[in-house]
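Asks: Spelled out from the first residue to the last, the chains are:
Protein chains: 2
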Amino acid sequence: MSAGRPRLRPVGVVHSRFKEPADLPPPAFAPPRFFETSTGTIEVAPAFAAGLDGLEGFSHIIVLFHFHRAGAAKLRVTPPGEKRPRGVFATRSPHRPNPLGLSVLRLLGREHRTLRVSGLDLIDGTPVLDIKPYTSRDRKSHIRTGWLEKRRRPVR
Amino acid sequence: MSAGRPRLRPVGVVHSRFKEPADLPPPAFAPPRFFETSTGTIEVAPAFAAGLDGLEGFSHIIVLFHFHRAGAAKLRVTPPGEKRPRGVFATRSPHRPNPLGLSVLRLLGREHRTLRVSGLDLIDGTPVLDIKPYTSRDRKSHIRTGWLEKRRRPVR
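Read top to bottom, the protein sequences are chains A and B. If you use the working numbering, the first sequence corresponds to residues 37 to 192, in order. If you use the working numbering, the second sequence corresponds to residues 37 to 192, in order.
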């Protein structure tokens, strides 16, 4: 492995009722609490199942995934509903220099190598690259959210 | 790019007073608020600087980085101060199947392509793979943190 250029491999896959990117409403336009009630599963490959031991005690998990359906990277993107382009690092757009996505999901339960989750905003077949426990250090109070604050709801 | 196996390249680098992994106290053993007061910078490569536009309005950022000094991946790890091994996905250990790390940092300011941050728990030279704005959807209330709850402080 060369420094800074890790070679990645999926450790699992998302099962979701959203089959295509077009099935996912942009979070800005989704009804209130839409994603909170969206459930699905993450199936971890058998070779990595032992890595899940102890995760069941956590209420939330951080899922890192590959934006496998993203097109070419852009440095500026115009989020849905916005008129003005923003730097891609100031958005959660999939069109990133490195197509890595992050979602914080509620962990409803674990059955061996399958995690039942809610808050799911990912499409079916999304390759999962990593799963981390959500800890108190990830929870920040008194946040400012820049250009998102002019909107009713945050945007991916 | 093959699906699920993104090829990654650094978009920036961390400048930190922690020069070696051994300089970083395990969060479990760090003095209270140790990391909150730890400052440094993230220098984004010139080619990606335009991607930062709009980020300055956010109080916190999510940094995805390469655990470039991590050794071989393990499925079970014994966190510092713990006796019992845990599944690696239930920890923030660097020894992961995909050596991807995540830190939520406070953004103190931006000068062109340099971000001043606090909460820094990364070593000097860490390759940065992505920067995302921290939004209200990343902030969860009423969390349970499994095996970490028996400790005074969370663990990387």
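No lab work stands behind these hints, which were simulated from the structure alone. Among the hints, a few may not be true.
Since copy identity is lost for identical chains, a pair holds within one copy or between any two.
To be verified - Here are the simulated EDC-like cross-link-like pairs (lysine to aspartate or glutamate), alpha carbons at most 16 Å apart as the crow flies:
{"id": "1", "residue 1": "K176", "residue 2": "E118"}
{"id": "2", "residue 1": "K119", "residue 2": "E79"}
{"id": "3", "residue 1": "K186", "residue 2": "E118"}
{"id": "4", "residue 1": "K55", "residue 2": "D160"}
{"id": "5", "residue 1": "K186", "residue 2": "D59"}
Asks: Each hint: holds or not?
Replies: Verification of the supplied hints:
For the homomeric pair K176 and E118, neither the shortest alpha-carbon distance inside one copy (26 Å) nor that between copies (26 Å) is at most 16 Å. Taking CA atoms no more than 16 Å apart as the test, K119 paired with E79 passes in neither setting, with 38 Å inside one copy and 29 Å between copies. In this homomeric assembly, K186 and E118 come within 16 Å of each other (Cα to Cα) only inside a single copy, at 10 Å, whereas the closest approach across copies is 45 Å. For the homomeric pair K55 and D160, the shortest alpha-carbon distance inside one copy (5 Å) is at most 16 Å, but the shortest distance between copies (41 Å) is not.
In this homomeric assembly, K186 and D59 never come within 16 Å of each other (Cα to Cα): the closest approach is 25 Å inside a single copy and 41 Å across copies.
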